[in-house]
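Take these sequences, add in the hints, and give me the full structure.
Residue numbers (UniProt numbering): 1 to 182.
If you are wondering where the hints come from, they were derived from the structure by calculation, not from laboratory data.
A hint or two may mislead.
Claimed, not checked - Below, in silico cross-link-like pairs of lysine-lysine (DSSO-like), each with a Cα-Cα straight-line distance of 30 Å or less:
#1 K105 x K94
#2 K46 x K77
#3 K77 x K29
#4 K105 x K29
#5 K117 x K77
#6 K46 x K117
#7 K117 x K105
#8 K94 x K46
#9 K29 x K94
#10 K29 x K117
#11 K77 x K94
#12 K46 x K29
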Amino acid sequence: MPSITTFNARHVLAALMAAPHDFSSSAVKRLQANDFPNWIHQTIFKALEETLNSSTSEGGALLVQVHAHLLETGHLKDTDNGLRAELAELANIKGQPEMFASLSKILISARWRNEAKDYAERILQHIDSSETDLIAALAGLETVRQHYVRAYPFHPAASHLTPPVALPKQSTETRKEGQVGA
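Structure representation (structure tokens):
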């Protein structure tokens with residue numbers, strides 16, 4: 001995993017943990033665990049998501065709550081798998097919630113690009129295979145499209161990829177001057 005991706009994933013998690021609870025609760029819904037390319041960051045994100053969605057919120061910093069959740073679920077075993085070190089690294093980062101939007105967009109965009117790359121490689125791998133294998137490889141286009149729309153929801157190129165939204169019908173009646181409402 002490139003170092004810029006690790007840097008970005010760490011700072012997205014740090015921003016979520018440094019933000020107020022209301023912000024973190026709504027912001028965590030914009031991401032998916034698979035947006036993080038490293039299993040360690042995915043595990044921390046899932047624990048963060050479960051901690052924020054928990055009805056019984058313990059006191060203390062969110063990082064401490066995530067650590068306690070990982071301890072309770074058995075993720076922090078005596079074996080050194082890098083999870084403890086990553087939590088320690090997150091504790092050393094000053095999270096910047098105001099950077100969450102741009103950092104998360106980079107993270108989601110990287111996932112879309114990786115999905116597109118994997119899709120292209122599958123197509124090339126099956127180009128000389130039987131038709132059924134090639135058709136099965138082509139079926140992954142929908143996944144790539146969904147990740148693109150998540151990464152660039154308002155991009156003009158995405159407009160033809162999403163179903164059109166019907167606008168509410170406007171009344172043809174003319175309003176009298178000073179009349180409020182429909």
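Against the structure, the hints come out as follows:
Annotation: proposed proximity of K105 to K94 holds, straight-line Cα distance about 19 Å (limit 30 Å). Proximity of K46 to K77 is assessed by CA-CA distance (about 17 Å); at most 30 Å being required, the pair is judged to hold. For a cut-off of 30 Å, the pair hint linking K77 to K29 stands: about 28 Å separates their Cα positions. Distance restraint check for K105 and K29: the Cα-Cα separation of roughly 13 Å lies within the 30 Å cut-off, and the hinted pair is therefore satisfied.
Our distance criterion of 30 Å between C-alpha atoms is broken by K117 and K77, whose separation comes to about 35 Å. Taking the CA atoms of K46 and K117, the gap is about 26 Å. The hint holds against a cut of 30 Å. Restraint check: the Cα-Cα separation between K117 and K105 comes to about 18 Å, which is no more than 30 Å; the hinted pair holds. With a C-alpha separation of about 21 Å, the suggested pairing of K94 with K46 holds against the 30 Å cut-off.
Restraint check for K29 and K94: the C-alpha separation of about 22 Å stays at or below 30 Å, so the hint holds. With a CA separation close to 26 Å, the supplied pair K29 and K117 stays within the 30 Å bound. The hinted pair formed by K77 and K94 meets the criterion: a straight-line CA distance of about 27 Å does not exceed 30 Å. Between K46 and K29, the direct Cα distance comes to roughly 11 Å. Compliance with the 30 Å bound is thereby established for this hinted pair.
Checked against the numbered hints given earlier, the structure breaks only hint 5 and satisfies all the rest.
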